[in-house]
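K.L.:
Spelled out, the chains give:
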Amino acid sequence: MSWGYLIRRLLAIILVLVIVTFAVFAITAILPGNAAIMILGEYATPDAVAALQKQLHLDQPWYMQYYSWVSGILLHGDFGMSLRLSLPVTQVVGEAFLNSALLAVTALVAVTIIAIPLGALAALKRGTAVDLIIGLFSYLGTALPEFVTATLLLVFLAAPNTGPFPAGGFVAPWEDLGGFASHIVLPAVTLGLILLAHVSRQVRSEMSEVLSSDYVRAARLKGLSERRVIRRHALPNSLAPAVAVISLDIGYLLGGIIVVEEIFAWPGLGRVLMYALENRDLPVIQAVTLLLAGIYAVSNLVSDIVIALLDPRVRYA
Amino acid sequence: MRKFFSSPTAVVGTLLLAIVLFAALFGPLVAPFDPQEFHPVARLQGPSATYWLGTDQFGRDLLSRVLNGAPATVAFGLFATAIGVGIGSVIGVIAGVSGGWVDSTIMRILDGLLAVPDLLFTLLIVTVLGGGMEHALLAVAIAFTPGMARIARSAVLSVRTRDYVRAAVARGESGFYIVTFEVLPNALSPIVVESTIRVSFAIMIGATLGFLGLGAQPPSTEWGLMVAEARQFMFRNPWCVAIPGLSIAMAALGFNLFGDALRDALDPRRSH
Amino acid sequence: MTVSLAPVATDANSSTEKPALVIRNYSLSYRTDNGLVSALKNIDLTIGKGQTVGLVGESGSGKSSMAWSVMRYLPPNAVETGGAIRLAGEEMLDFSPRQMADIRGSRMSMVFQDPSTSLNPTIRIGEQIAEVLMRHRGLTKIEAYAYAEAALARTGITRPKEMLGRYPHEASGGEKQRVVIATAFACEPELIIFDEPTTALDILTARQILDLFNQLREETNVSALYISHDLGLVSRVVDEVSVIHKGVIVESGPVQDVFRRPKADYTRQLIGAVPNPDRWIGVDAPAVPETLVKLDDVGVRYGAPTKLQKLFWPKDSETTGFWGAKGVNIDIRKGELLGVVGESGSGKSTIAKVLAGLQDFEGRLEFAGKTFANRKDIDRAYRRRVQLVFQHPDASLNPRQRIGTIIGRPLKLYGVVPADKVAARVAELLEMVRLPADYAKRYPHQLSGGEKQRVAIARAFAAEPDLVICDEVTAALDVSVQAAVAELLVKLQKDTGTACVFITHDLNLIRQLAHRIAVMHHGKLVDFFDRPDARSDDRDAYTKALLDAVPVPEAAIA
Amino acid sequence: MTTFMITRRTMVMGMAATALLPGIDVSDALAAATPKAGGTLKISHSTRIATLNVLNCSGPAEYPVVDMLYSGLTRMSPENKAVPDLAERWEASADAKTFTFFLRKNIFFHDGTPCTADDVVATFTAILDKNVPAAARSVLNMIDKIEAVDASTVKFSLKTPFADLPISTAHANARILSKVALSGPKEKLDTTANGTGPFKLETYDSARMVRLVKHDKYHMAGKPYLDAVEMHLFPDLAAESANFLGGSMDVMLVVQQADFDRISKATGVKAKRVPSGRFVNITMRQDQKPFDDVRVRKALAMAIDRPTLVDIVLEGLGRPAYDNLLSPEFQYAIKTPEIAYDPAAAKKLLAEAGYPDGIKIKLVASNRPAIRAQVAVAVKEMAKTAGFDIEVETMSHDTYLANVWMKGQFYMGYWGMQATEDATFNLLLTSNASYEDTAWKNKDFDKLIDEARATTEDGKRRELYAKAQELQLKDTPYIVPIFEDILTASGKGAEDWTIAPLSRYFYVENVWLNKA
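Chains as they are written, first to last, in the UniProt record's numbering: chain D, 1 to 317; chain V, 1 to 272; chain R, 1 to 558; chain W, 1 to 516.
Among the hints, erroneous ones may be present.
Chain R regions said to be covered by chain V (calculated; three or more residues, Cβ under 8 Å) [said to hold, decoys possible]:
| id | region |
| --- | --- |
| 1 | 118-125 |
| 2 | 356-370 |
| 3 | 397-404 |
What the hints contain is simulated information worked out from the structure, not anything from laboratory work.
C-beta atoms are modelled at their ideal positions from N, C-alpha and C, and glycine is treated no differently.
Sequences and hints are given; from them, build the entire structure.
P.N.:
Here you go:
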């Protein structure tokens with residue numbers, strides 16, 4: 001992996017992000033209504049709307065708004081002000097990002113720790129009851145949308161007074177670690193379930209492919225212990241594809257976060273985005289979209305790097 | 001065919017799919033009640049002899065509502081996927097067949113669109129279009145397009161380097177003949193498999209949009225919306241969220257399993 | 001540090017008198033959807049101490065099942081229906097999986113067909129050898145690596161220490177196979193099974209591996225079962241040979257006896273099918289040499305610089321990419337059969353692609369008075385008159401079209417016959433390639449490999465071309481089928497007078513067919529000669545090496 | 001003493017939980033208890049506090065915050081009367097065209113500067129400035145001139161007589177800002193606050209929590225009792241109720257009808273039902289068919305089973321309404337005759353109006369709040385047998401605002417209670433009402449409202465408003481099927497929490513914590 005390759009990938013990511021922001025700006029401009037109308041609601045009078053539009057610079061054409069937005073970022077590193085909340089976008093999005101990251105990373109780490117052994121186990125016990133149960137579970141996992149999982153979890157695990165978990169909300173880990181832990185369980189489980197199912201299925205299929213490969217056969221025919229065959233020969237080779245799947249799944253994760261945060265009152269990016277969408281808060285929509293797309297693109301790049309580290313055959317030039 | 005049904009995945013998938021399709025085709029006819037009819041005295045009831053799956057907050061029969069929601073839900077999945085697959089395949093085939101700068105331009109744009117997570121992309125489009133079932137359908141279709149284009153392109157590319165295509169090129173066949181008779185028939189199966197699986201995603205995204213208030217709107221019996229509407233009452237009657245929720249899972253699972261089984265059956269590498 | 005390679009003390013029970021391997025009346029079946037399918041029937045085989053026994057058969061003969069049975073590594077659907085397999089007198093069928101794991105790699109080991117898949121891609125070579133030693137000989141890591149280095153050195157690897165630190169993909173095919181062999185010999189086993197160890201390698205490399213095998217066998221006095229489809233090769237390395245056909249051993253005996261005085265029909269058929277360079281089967285050379293196609297200074301550069309690159313980095317434009325072929329001058333005469341020979345990557349297939357109009361090239365291609373300087377210039381007339389047959393018939397026939405459609409296509413495309421006569425002509429063509437006319441209704445997957453290749457040939461001849469390019473058309477086929485296809489081609493050439501470019505790596509085969517032979521190496525044409533001059537002294541050194549490397553069956557020499 | 005308190009409390013709590021009679025505020029029974037000072041009150045809410053700008057805020061959770069941060073000249077009492085706030089008293093001229101307000105002497109902004117007549121003048125000048133987005137402008141636009149007579153006296157001169165001016169000055173969006181703040185950038189008002197209210201701003205985090213602390217120089221002696229108030233955001237209702245019931249929140253600002261029963265039965269919880277004039281209405285455009293015919297409107301009115309609607313949509317937590325925009329809480333509301341659910345009669349009336357085969361029509365509802373769609377769906381079902389074939393189209397709120405609101409033919413409205421009869425009718429029904437969306441223009445009605453607005457004599461006004469209401473009921477410009485109660489709850493130890501029927505006044509300065 002050369003520096004040139006990295007730089008080219010990063011440039012490609014930037015290009016992608018530019019396309020994304022431009023598209024978002026252009027399509028938001030053709031929407032009916034705007035932030036001023038949404039802020040004033042049904043009590044709006046035409047002169048109040050006009051006054052607010054002027055105050056928010058919504059009276060300018062969209063390309064001028066785009067220009068001032070872009071130049072704000074490039075010249076001053078300033079992502080503008082939220083139209084609805086009158087706060088700097090960086091402040092609105094920044095804290096939300098941190099909270100979302102806590103949730104997403106927790107879910108992802110849990111998924112990685114559980115899914116890989118689970119998938120490997122299913123592959124090893126291929127065709128047995130264990131495989132069938134894991135398979136059934138993973139199929140069910142992929143067929144339950146987050147909002148259904150979340151709702152069912154709430155009904156069964158967060159019923160007031162009887163459920164073991166809080167029904168939602170957020171406690172910062174630096175304020176109260178125990179509180180944070182109990183609050184993150186249900187959203188993380190909801191987010192993780194689809195990924196868990198998906199990743200374990202992928203690991204299973206990769207692992208079964210690796211297990212039937214010539215070199216695993218060769219390792220067995222060398223008389224190596226089954227433990228060594230699996231841990232040293234089979235597992236490392238099925239990890240690289242698993243990493244690729246996990247990085248692709250970050251896309252799902254970023255989508256799932258929108259629903260999960262809404263349901264579990266987790267003050268993260270998803271909630272900010274939904275709120276911004278409802279209120280036509282363009283600078284916030286832009287920043288969140290940009291951030292999510294950026295995270296996704298960077299995670300793909302990171303996964304390529306990790307794959308290259310895991311598999312000596314992979315080299316990028 | 002017999003081989004297809006020898007795998008449990010195929011059997012369960014086909015069975016679930018059959019149930020869901022039956023509900024989609026005949027659900028409204030076999031429903032015991034009018035799905036919109038209020039029964040004010042029987043609100044939020046559990047399953048009973050009269051209301052087999054219970055009732056919702058207006059005393060509407062859940063079974064009838066679920067059965068009536070089936071056509072909308074399934075049609076949503078099928079049409080959204082069909083449109084997405086249609087447009088995506090055309091783009092992908094054009095990219096794959098043309099190669100060169102056409103291919104790279106198309107691919108760069110697709111990469112850009114693929115960088116936006118599916119649900120986020122759909123949300124943005126739905127917001128632009130203004131919500132509602134038709135718009136949600138269009139949004140899912142658009143969100144599917146780049147991914148399908150990618151799959152179609154790679155299917156075409158993998159076929160394009162096959163020797164029978166080269167043989168056609170060497171014979172001096174026209175581009176049209178090669179694409180229509182040599183490339184497409186062979187590139188079709190991965191597209192078909194992917195489409196089947198995507199129907200389940202479409203159903204799930206559609207339901208999620210309904211849940212978020214951006215898809216189907218009351219008094220529709222779309223399943224995601226049913227969950228959303230009943231959520232307030234979930235502690236009083238879990239059935240009214242569980243029934244539509246599990247219906248979604250069943251439909252998604254059916255298409256998913258069927259698609260997987262189809263892949264196994266069509267993939268020569270996996271067949272014995 | 002010196003490490004002794006002396007054999008370690010073997011089990012006290014093991015007897016030097018007892019044969020290394022005895023198989024008695026052994027039968028094996030597989031459970032399938034269609035019930036039990038028999039793979040091996042009543043097999044009897046004995047390998048004496050220090051002896052090498054060859055097992056020869058075509059694909060599907062059961063020779064691989066034999067290897068797995070001996071290694072006790074059978075798939076779950078295998079059913080052993082009786083018999084005995086004894087390693088130095090011990091009945092292996094009674095061994096527990098644990099006991100077998102102790103035996104595998106130490107008393108009995110295996111060398112596989114393709115070293116690039118049998119080595120773990122993510123583990124360094126050193127560890128892959130050392131782990132066997134640590135497992136079976138209880139060596140420490142340091143001892144094991146030292147031993148591994150010595151073992152590699154013995155297999156002829158020049159810098160063994162460096163090799164230990166490499167990943168498999170950083171080694172060449174020959175090196176990888178040496179690593180596999182070193183691993184197999186590491187624990188001084190009593191028996192080694194070689195499963196087609198040279199098939200995946202190039203001619204010259206295969207020769208070296210074969211030499212290595214002979215050398216190590218002499219040094220260690222190991223017993224070996226050598227499995228191969230290649231009679232010529234087997235005759236060079238084994239003491240005794242068994243011929244297996246459809247799960248039954250049809251003939252066994254000392255290699256000389258079996259090859260010189262074959263008793264079984266199948267053995268005779270097999271021997272007859274082996275290409276013999278001295279037995280000419282081709283058509284008569286055209287009386288007056290008349291040039292049909294000419295390649296004039298033809299070059300193909302992969303990864304050639306784009307216009308933009310040429311504009312900005314004119315200096316680099318000479319060095320970017322690599323030449324798949326460079327400065328090739330070949331003329332093809334009317335009615336002749338021109339052989340193009342080379343190892344993989346020599347550029348022989350690149351030339352085929354240029355001739356078929358599938359590859360951009362530099363230089364000039366002349367055909368019937370016309371000159372093409374570019375692939376895009378090539379016209380429909382040329383494409384009709386030059387037809388291509390590919391190596392893999394599985395890949396070159398569209399799986400979704402019926403045979404009739406496939407063969408009929410050139411007829412329609414070029415208007416060879418009127419539309420209403422197409423079906424009749426397809427039937428004729430099928431008959432011409434000795435296939436039943438009703439095959440027109442079938443799909444490719446319903447045909448065997450040889451039949452599919454006949455269909456591909458029929459399609460090429462349907463266009464009534466002046467030149468047919470055959471790119472390794474026999475390489476993917478079994479020996480007996482190979483011979484039949486070669487003969488068919490010659491017959492068609494005789495009937496139609498079509499010229500043919502026959503591209504192959506098999507020197508024995510091409511010397512049976514070709515009038516002239518072109519030898520390619522690293523993208524260049526290194527030698528070009530008339531067939532009778534193959535053994536003359538002014539041949540290029542590379543040509544000579546190739547000729548020396550190819551084993552000719554014992555029977556043929558005699 | 002303690003024992004006695006507990007027994008007494010337990011008993012009263014039982015009453016609170018079962019207090020389902022409208023108009024009875026059970027917590028008054030506790031008034032005998034002496035308030036304790038100190039503590040932090042935690043209030044949960046489910047909608048964002050997106051702005052602190054008192055001039056144009058409109059969110060349900062924004063009102064309590066500005067009510068704590070700011071004071072007005074006057075304020076609405078829980079009994080829906082204008083009472084003194086910053087102004088200790090006021091005088092009106094006989095023609096109701098000049099009003100003089102006398103400010104208290106001891107009023108200070110949070111930053112310690114005194115609040116004077118100049119600040120009052122600056123505030124009302126800003127509200128009337130067309131370049132400032134201000135929600136109170138529509139109820140104050142009769143003001144001609146505002147003058148500071150001296151440092152603590154302000155004189156309002158009106159263009160037209162307006163007897164209810166002290167009620168308009170109590171408007172939740174007409175609280176007094178400092179002159180300094182008004183001359184600065186308006187955006188600062190969104191995130192900062194320098195008011196004269198009982199609490200001052202400490203933390204503003206719109207995503208999670210807004211924290212206010214005691215204003216020591218608040219003008220009411222001894223108040224507020226609390227040291228601090230925290231507003232916690234829970235966007236998911238289930239999460240909010242779970243946290244409230246778990247005891248981590250003291251007050252649940254808004255309780256959903258679906259949860260009210262469950263929450264009111266929880267131990268220690270005082271769930272409160274405040275009857276209010278908040279209503280859902282069906283807008284029918286009367287300048288086009290079919291609603292141009294009063295018989296069609298009357299038919300629809302008869303085709304709605306209002307008591308059932310209250311039961312299934314509001315879980316019984318409201319009252320049936322019979323098309324009068326004024327709920328019984330209004331001073332001059334008449335006793336509205338009930339309209340019985342009679343689909344047969346409705347069908348007949350429809351036939352008389354020329355629709356013997358019924359009417360097929362689309363009813364639009366915004367998806368926010370959900371009650372609009374719920375009522376629409378219920379109306380569709382109820383009116384079916386009367387010949388109304390209604391298709392309900394629910395849409396997102398932004399689309400609704402952009403495309404349907406004020407334009408559509410047949411859609412669902414939803415309005416909070418207004419302070420006065422005048423404000424209510426001028427909001428929707430007079431010919432020049434702010435949101436006149438039915439095209440029901442009635443000169444006689446306009447005249448009655450104008451006359452009542454200029455009249456100061458109580459008996460006369462009652463008569464005029466009664467006539468106006470009768471005129472309204474005769475023509476049925478809107479269908480108003482239900483009045484929705486305001487539902488809130490406070491937990492163990494949080495005393496004297498209440499909400500005004502207008503739902504914009506919270507009197508947090510009276511709330512105290514009775515915790516160990």
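K.L.:
So is the region 118-125 of chain R in contact with chain V by the C-beta rule, three or more residues under 8 Å, or is the coverage claim wrong?
P.N.:
violated (count 0)
K.L.:
Confirm or reject the coverage of the region 356-370 of chain R by chain V under the rule of 3 or more residues with a beta carbon closer than 8 Å to the chain's beta carbons.
P.N.:
Held - the region 356-370 of chain R has 3 residues with a Cβ nearer than 8 Å to chain V, which meets the minimum of three.
K.L.:
Given that the region 397-404 of chain R was listed as covered by chain V, double-check it with a C-beta distance under 8 Å for 3 or more residues.
P.N.:
holds (count 5)
Checked against the numbered hints listed earlier, the structure breaks hint 1 alone; every other hint is satisfied.
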